[in-house]
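Peer 1: Let the sequences and hints guide you as you build the complete structure.
Protein chains: 2
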Amino acid sequence: MMSIMGFFFRLFILFGLCSLAFSNEALGSNEFPRPLIVQYPDNIIETRLTELDEEVKLQCTSWRFSVEANNIGPWKTIPRECLEYVKDYLMGRGYKMDLERASNEAKVYANTVQLIGDGKDVWIFDIDDTLLSNLPYYQEHGYGTEIFDPVEFDKWVEKAMAPAIEPSLKLYEEVLKSGFKIFLLTGRYENKRAATIDNLINAGFQNWDKLILRDAEDHGKLAIIYKSEKRNDMVKNGFRILGNSGDQWSDILGSSMSTRSFKLPNPMYYIP
Amino acid sequence: MMSIMGFFFRLFILFGLCSLAFSNEALGSNEFPRPLIVQYPDNIIETRLTELDEEVKLQCTSWRFSVEANNIGPWKTIPRECLEYVKDYLMGRGYKMDLERASNEAKVYANTVQLIGDGKDVWIFDIDDTLLSNLPYYQEHGYGTEIFDPVEFDKWVEKAMAPAIEPSLKLYEEVLKSGFKIFLLTGRYENKRAATIDNLINAGFQNWDKLILRDAEDHGKLAIIYKSEKRNDMVKNGFRILGNSGDQWSDILGSSMSTRSFKLPNPMYYIP
Chain F
0 MMSIMGFFFR
10 LFILFGLCSL
20 AFSNEALGSN
30 EFPRPLIVQY
40 PDNIIETRLT
50 ELDEEVKLQC
60 TSWRFSVEAN
70 NIGPWKTIPR
80 ECLEYVKDYL
90 MGRGYKMDLE
100 RASNEAKVYA
110 NTVQLIGDGK
120 DVWIFDIDDT
130 LLSNLPYYQE
140 HGYGTEIFDP
150 VEFDKWVEKA
160 MAPAIEPSLK
170 LYEEVLKSGF
180 KIFLLTGRYE
190 NKRAATIDNL
200 INAGFQNWDK
210 LILRDAEDHG
220 KLAIIYKSEK
230 RNDMVKNGFR
240 ILGNSGDQWS
250 DILGSSMSTR
260 SFKLPNPMYY
270 IP
Chain P
0 MMSIMGFFFR
10 LFILFGLCSL
20 AFSNEALGSN
30 EFPRPLIVQY
40 PDNIIETRLT
50 ELDEEVKLQC
60 TSWRFSVEAN
70 NIGPWKTIPR
80 ECLEYVKDYL
90 MGRGYKMDLE
100 RASNEAKVYA
110 NTVQLIGDGK
120 DVWIFDIDDT
130 LLSNLPYYQE
140 HGYGTEIFDP
150 VEFDKWVEKA
160 MAPAIEPSLK
170 LYEEVLKSGF
180 KIFLLTGRYE
190 NKRAATIDNL
200 INAGFQNWDK
210 LILRDAEDHG
220 KLAIIYKSEK
230 RNDMVKNGFR
240 ILGNSGDQWS
250 DILGSSMSTR
260 SFKLPNPMYY
270 IP
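Quick mapping for you: the protein sequence lines, in order, are chains F and P.
0 is the number of the first residue of the first sequence in numbering that gives the first Met the number 0; add one for each residue after it.
0 is the number of the first residue of the second sequence in numbering that gives the first Met the number 0; add one for each residue after it.
No lab work stands behind these hints: they were computed from the structure.
Where hints are given, some of them may not hold.
The list treats identical chains as one, so a pair stands whether inside a single copy or across any two.
To be verified - No more than 25 Å apart at the CA atoms, straight line, and that leaves these computed lysine to any residue pairs for SDA-like:
#1 K75 / Q113
#2 K75 / T111
#3 K86 / M256
#4 K235 / S254
#5 K191 / I224
#6 K56 / S227
#7 K176 / M233
#8 K154 / N201
#9 K86 / D52
#10 K56 / E139
#11 K75 / V112
#12 K158 / Y269
#13 K220 / Q138
#14 K86 / Q58
#15 K191 / N110
#16 K56 / E151
No experiment lies behind these values; they were computed from the predicted model shown.
Peer 2: See below:
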């Protein structure tokens with residue numbers, strides 16, 4: 000988009016050039032003042048850049064759609080040409096707006112659900128980039144352009160400094176107030192339990208009913224398998240999974256799926 | 000976005016005004032030629048509209064993602080403020096690009112699947128806005144801003160004039176060539192069988208293995224239930240559902256889900 004400032008600047012220059020020209024002797028009506036001709040190539044270059052931006056925007060929006068609609072196969076890094084697009088999306092209003100919309104849709108649904116109230120009505124939340132934001136980590140690691148580095152990421156997790164995703168915290172509190180049991184189902188390992196609890200508490204989350212992490216036997220399992228198995232266990236134990244919030248399709252699909260699921264945006268990484 | 004044409008038009012006007020001014024007597028250096036001042040308020044209005052457009056674009060993109068990620072609850076019409084956005088998306092390159100991307104992702108997957116080749120490897124296609132485009136109908140009916148009118152829509156279906164969605168036709172042909180059986184599973188009723196076959200043939204589709212329409216007992220069933228039942232039957236009969244293409248989440252979710260599914264974009268309507 001051509002910015003307002005840029006547009007006014009251009010207008011200002013043109014006004015200036017016209018008035019400058021007027022102070023000189025009059026030219027023939029079919030001659031253009033030279034400075035305007037000198038400006039011309041600059042404008043063309045800028046227009047081309049704007050067009051390129053629009054093309055990249057269109058392509059990267061389409062890529063993001065294929066991620067969020069779960070059409071795309073497993074991917075390791077975001078397309079390199081989408082770095083600026085993804086950064087703008089994450090740091091600008093787009094990501095925030097999408098998170099709020101997902102949270103609001105979930106709230107609308109949560110308020111229509113008739114709970115039985117026997118302690119078996121469950122809402123599942125994933126943790127990473129669902130309740131807690133790893134955006135500060137990905138800011139330091141190329142916004143998804145770098146291959147995932149488990150050693151570096153573990154250090155970040157141990158710091159327990161991930162901030163809450165605010166719209167998710169609001170949903171969490173609303174769901175809790177409505178009488179759902181909250182089950183946290185994360186791909187993190189048991190050795191991160193203490194750091195995870197610290198981080199959740201520091202970020203304002205409390206009163207969950209279960210915090211389920213991967214134990215030794217879950218090592219190496221695809222997330223979609225591990226999470227399905229944990230949901231199967233819940234169903235076997237008589238729980239009704241009524242809501243499920245996650246940023247990965249592997250949080251949502253598989254067996255014992257929730258009555259309704261809410262896919263939070265995540266154009267940074269993919270977990271199969 | 001300020002279009003190239005718009006920008007050159009503006010440049011052309013300013014050039015013209017300057018040269019027009021030069022042909023008159025010279026003005027003082029702090030006086031602006033009047034026509035440029037008259038132009039000024041117009042430009043401000045246009046800039047404001049551009050800004051408004053950006054906000055609407057952001058909000059409507061967010062709405063579209065909540066549709067495509069299946070976060071949104073059932074909806075009857077698109078948000079009225081998104082009419083221009085949805086129209087631009089559908090008639091411009093965005094929709095085409097998203098359709099092509101969904102088709103390409105499906106092709107990549109189809110080529111990796113190891114078929115058993117016993118005639119039981121199945122790819123399911125939905126029909127409306129998956130194989131056949133109802134865009135010409137929705138162009139005449141407010142691009143999703145009007146409540147669905149089954150009588151009018153039936154007339155359109157009977158005409159059998161819906162064009163192929165080209166990227167889906169390419170996928171269809173590739174999948175067929177690879178040795179999949181193609182099952183067409185549509186929410187249309189049996190009384191539309193002849194018109195549907197005519198339309199499919201006219202649009203270039205052929206050699207499907209089954210065309211499944213709703214019969215009397217499916218009347219009033221939610222699409223997600225009806226389509227799940229039909230998929231259950233396929234599985235009971237030994238078919239392996241390896242791929243599924245549809246523009247609605249009710250084509251994809253439910254029981255006997257496909258190994259991989261591909262959600263085609265559709266910001267025009269929602270079928271539960």
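Peer 1: Is it within, between, both or neither when you check K220 against Q138 at 25 Å Cα-Cα?
Peer 2: Intra 28 Å, inter 48 Å, cutoff 25 Å: neither.
Peer 1: With identical chains, the pair K75 and V112 could be close in the same copy or across copies; at 25 Å between alpha carbons, which is it: within, between, both, or neither?
Peer 2: The answer is between: 21 Å across copies meets 25 Å, while 37 Å in one copy does not.
Peer 1: Given a CA cutoff of 25 Å, do K56 and S227 count as a within-copy pair, a between-copy pair, both, or neither?
Peer 2: neither (35 Å within a copy, 37 Å between copies)
Peer 1: For the identical chains here, do K235 and S254 meet the 25 Å Cα criterion within one copy, between copies, both, or neither?
Peer 2: Answer is both: 12 Å inside a copy and 18 Å across each meet the 25 Å cutoff.
Peer 1: Are the CA atoms of K56 and E139 at most 25 Å apart within a copy, between copies, both, or neither?
Peer 2: within (23 Å within a copy, 29 Å between copies)
Peer 1: Have a look at K86 and D52 and pick one of within, between, both or neither, based on CA distance no larger than 25 Å.
Peer 2: Both. Shortest intra-copy (13 Å) and inter-copy (21 Å) distances satisfy the 25 Å Cα cut-off.
Peer 1: Using 25 Å as the alpha-carbon threshold, which applies to K158 and Y269: within, between, both, or neither?
Peer 2: So K158 and Y269 pass the 25 Å test inside one copy only (23 Å; across, 44 Å).
Peer 1: Please work out whether the CA atoms of K86 and Q58 approach to 25 Å or closer within one copy, between two copies, in both situations, or in neither?
Peer 2: both (15 Å within a copy, 18 Å between copies)
Peer 1: State whether the alpha carbon distance between K191 and N110 is at most 25 Å within one copy, between copies, both, or neither.
Peer 2: Classified as neither: same-chain Cα gap 33 Å, cross-chain 40 Å, threshold 25 Å.
Peer 1: Pop the pair K75 and Q113 into one bin, within, between, both or neither, using alpha-carbon distances up to 25 Å.
Peer 2: Cα proximity of K75 and Q113: across copies only (23 Å, versus 41 Å in one copy).
Peer 1: Check K191 against I224 for me: Cα-Cα at most 25 Å, and say if that holds within a copy, between copies, both or neither.
Peer 2: within (20 Å within a copy, 41 Å between copies)
Peer 1: How would you label the pair K154, N201 (within, between, both, or neither) given a Cα cut-off of 25 Å?
Peer 2: within (17 Å within a copy, 60 Å between copies)
Violation of the numbered hints given earlier is confined to hints 3, 6, 13, 15, 16; the remaining hints are satisfied by the structure.
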